[in-house]
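Protein chains in written order, with the working numbering: chain A, 10 to 373; chain B, 3 to 517.
If you're looking for bench data, these hints aren't it; they were derived computationally from the structure. Heads up, the beta-carbon is just placed ideally off N, CA and C, and yes, glycines get one too. It is possible that part of the hints are untrue.
[Said to hold, decoys possible] Which stretches of chain B does chain A cover? Using the computed rule of at least three CB atoms under 8 Å from a CB of chain A, they are:
| no. | segment |
| --- | --- |
| 1 | 90-99 |
| 2 | 111-122 |
| 3 | 190-198 |
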Amino acid sequence: MSREIYRLTEADLEPLAVGAALLGTGGGGNPYVGFLRAREIFRQGAAVPLLDPASLTEADWIGEVGGIGAPVVSIEKFEQGDEGTRALRAVEEVLGIRVVALISGEIGGANAMEPVITAARAGLAVVDGDGMGRAFPEVQMCTFFIYGARPSPAAIADEKGNVVVYRNVIDMYWLERLARHTTVDMGATAMLALPPMRGDFVRRTAVPGTVMQAIAIGRTIKQARAKRQNVVDRVLETTGGRLFFTGKITDIRRHLVGGFARGEAILSGTGDWVGSEGRIAIQNENLVLWVDGVPVIMVPDLIVNLEFDTGEPLTTEVLRYGQRLAVLGLPAHDLLKTPEALKVIGPAAFGYPELSFSPLGAAA
Amino acid sequence: MIRIGIDVGGTNTDAVVMDGTQVIAGVKAATTPDVMTGVVNALRDVLAASGMDAGKVDVVMIGTTHFTNAVVQRRDLAQTAAVRLGLPATASLPPMVDWPEDLKRAIGGHTYLAHGGNEFDGRVISPLDEAELLGIAADIAAKRINTVAISSVFSPVSSDFEKQAGEIFARALPGAHITLSHEIGRIGLLERENAAIMNACLRDLSAHVIEAFRKAIAETGIGGKFFLTQNDGTLMDAAFAEKFPVLTFASGPTNSMRGAAFLSGVKDAIVVDIGGTTSDVGSLQKGFPRQATVAVEVGGVRTNFRMPDVFSIGLGGGSHVVETAQGITVGPTSVGYRIITEALIFGGKTLTTSDVVVAAGRYDLGDRSRVGHITPDFIARTQTRIMQMLEDCVERSRLSPEPLPVIVVGGGSILVDGPIGGLEVVKPNHFAVANAVGAAIAQVSGEIDRVYALAEISRDAALADAKERATEAAVAAGARRDSIEIVDVEDVPLAYLPGNATRVRVKAVGELHVA
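Isolated chain B, as found in the complex:
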């Protein structure tokens, strides 16, 4: 199987061509403001570098930080109406109550509370009030808002109200993008609602971005399917990704960590992914990123996604290096994707970390003569500062005093030379494009979430049934049956329900099967 993995980062768009488990070629291209040009450039470059005929490519996997960045930077977000069904319950905490003010403002802070919602056992808190919802829809229309997130109390138990309200809004607001919270999250109203609102405010952008990817791929003559990677390292097809852009959150760190494990063959390690603007540090356990166990914040908003536990600092290949009264400071500001015009070695006027590394003679990049004036003392102090920053975050990510290796990947890896905090550093082949490799090797998952009455079926039988259904779901999503593994099993009894009801959630993952 010939596959192309692409990772669109804030600074670089990386691409690899893989034949089975062999990396044939990897390239980096600058991320462009329109995304598409950078993707087309990367695709063309990697096809050229690998000598691969575009027609032979079976599948393209794309990991993108586009949507995360949009939320973090508060740009390209649609004005969004957040409608919650549940009154009189939940009035003490309206939607977006725990959002940072600037993000709330960026999407307008339009929140509505309406009747509806279910009790834990499916009983109705209050009936849906169509007239009330039509009144809200009229207000939304008057504000010219085109995207709506609907949440309802206990919608993971009973999704009827969200669906009915969705239909009412779809009729009243033709063409509006509507996100229903039960399709995105699990129990935990605020977190599920937050994810739904973020998804909703990204829908305009996702339609644009997915179309741009589709065009970019078609332009290079590739006929294979394309997928986007989700935060758990598995794939979703383009149509699904367009509806659920929020599921791409944090796929970048997952891809780079999975890629680092794949390339180095090391399964337990600290991974440092140094990009142009930031470094992400996380830990790898048995080849998979360690998941955060507590609520994960994205752009300051609490969600209940399962995400890799990654710590980020403002250190990258494009970070500004500035001499101040307190000594050398590195980052967090960065020239980002403008490194190819603004860094000294590329003829620009801004001193970056990459300039210092080239001045030190540790790496050959751009025009070395432009950094000849940097003194050995300045170089030494900058390098000391960089290593201190890396040591600090590696230390934070260590789970034990055992000496684990540190796998360093990403385009900014040139900043690292020698051990970090006494730990051995591994720089695998193709280190610069590990995230694209991670995207290329992403798997396919099937997930099942069902309630079993343990009065009728034993726990073991229920789990076995759920595992079988998850496996079938993974096969249906495109996984090769003989490669499927059950990666996550969760069973939670539902208190007070008759018949010892237990909610079982199982996730199965396998290799993508290409016919």
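Just chain A, same shape as in the assembly:
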């Protein structure tokens, strides 16, 4: 059995970035900058093997690197370049191991690109999967931690050369808290290496196939545009999602709570939803969609806002008055919908205790 199911080359980077932006469900940071950084390295000849998560064994150590910080900062203060490698080497040193491959904690948004970039620089492979199948705002909101990954050792590196190692951290909330504070001190963007995991654990807990899924979505969007097809329809076909609302933004309200941008987008319905009001709760990502006051999609299921006519995935920070949106719902992977997962990433965990999670069915 071959572990390598695909080899990522420069041509895959743009589709990966576009698909990752869609799976970011409004958050996760814009992958464009990461795409450019990856392209700079791949243009020097890098090609990164993509490993099937089902092929991983106990003998394989898998590393996880990702950017941490505020998306608005990541489009302004770019990386020096070696942050990911420095953080990864620091955790390997603590454990006295070397990883064979990297995995993304979060396929949605900018962190789809980071393992690819660090793998290309360090000569490693990447696992076709991730810890969310989407984006979430906090480190611990991923299947690895939900299903028992150790919170340490972890390491964080900035562009200036600072590397902070978390040798012992009692739980994932403390890691999130400590790393978040360090990140702010580092200028609100840094690279975090999480504790390397055994291959068999990753095999059981990763949301599988999401790197290839993102690339497939990206290719679909690109092809649909080239052929002048309806991008929203094609995305629905490729993802198995469903259209839940179309409308025009009539107000955006934003405020900050505990370092996270919370807000609401109010939509006035168009097309099949004329006369209805849509309301999308936002906390970095899109959390809940209500139509005429009734909640119809909620976390952890994916709420994706596409610009109505171009099909461009829109992040929460670019939402503006007057934009026309198609709001899609995509069912989350089963690993995200178990009782233990919902404690961490269900509606209550995001401040909506009145909502009990009701999963999306299959595509209608």
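Assemble chain B onto chain A, guided by the hints.
Relative to the frame of chain A, chain B by itself:
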């Protein structure tokens, strides 16, 4: 108020005289390679056609594609040094990393990374290093480069480093044109830097072009002020435009769409502006062009300007018509402004779309006897091809299946006869000069961009304050107070800053007030 609107396109320079909301006269003149001759011709022609005394003209508004075309065609661009302050941050992506190779080459690809830059909260990433900058300046001087774009990480939050570096370069490179990124763009380093570099490489050209406009206007005896239109359909005075030529990008499509709405009285429609070389198609919502929500590329470079969402195809009145084995092809090559010598109807040797329309007897232009040999079959197949091209791009610009009218404007409108893709076609009076009308009715804006601490002031009070300041800025820029409307409000919380800081950006727009 008597105003003249001028639109300098790649093919034609159009001019209108307006008295209040009345179009008195509109003319088209050929764009000339030196721009100025065409503008003088258009001004003279339109004054003559309207019978207006030049001394009575209060104001001249000019929309020009000059600067966009220079970038798109990679000509008249100055060798430019792009200096970014931010090391050790940003080393993974140097300036111009996402530029097309040919454009990068056209301006020399001179990029420099230096220390400096700020964190999101204003802290310093690394101090400015004067010796380092002087070393870069010496290199720039040795390369005989005279225009510099300076960007610094988080300069929209703290512009001090860009200003200090600007002063260092101004001293070290006397007479150099220096563009600072915070004066042009918003947060988003690459896009802001891209806009600053494009602005910088256009500064030599802008000095030349603005002076040419000034002379052209003075030569015709007009004493009124003149303005250039920006991409949002508002005005900037000549001195400002000379410093910021990049802000004229995409003003042409905005002007033609605003002009189309004004002339037709239709506020929601698809607008097709057919020029000599290309057709621009966009959609009009409540009288304003729909803005693109994603990063807009100019000449292949990503920027974060707010621009109308316009789709262009290579179809115009001067497009080549060629019979090939696959059938008739129309465009994208065009005789452009040389139509008046190269098209068959004008005694030339090149078969253009205009020749076919005249041959079909649908329009009287030039010498019809020179196209008598074109067969009815060829005419029919060419017209079918043209209508297919238009249908495709109208379909792309539709936002819904609702049957919106299509407003067709521009000199190439003669190509259209009858509905496009089943949609009703409106050709307003003065359709050929809609873009000049759009320039003439351009408004004045005031913009404010401030950070409010929401711990000290409520969001509503902050927005009200920002709206008032934007209104005052618009009045100061020349807007009539009773005409001012708030057209854009954006408030974005700045994560992690104490006191719930929110950045508020408000834009107010009003009619130009002429005393």
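A quick look at each hint next to the structure:
1. 90-99: Holds: 7 residues of the segment 90-99 of chain B have a Cβ under 8 Å from chain A.
2. 111-122: Held - the segment 111-122 of chain B has 3 residues with a Cβ nearer than 8 Å to chain A, which meets the minimum of three.
3. 190-198: Our answer is that it holds, as 3 residues pass the Cβ test (under 8 Å) against chain A, meeting three.
In summary, the structure agrees with every hint in the numbered list given earlier.
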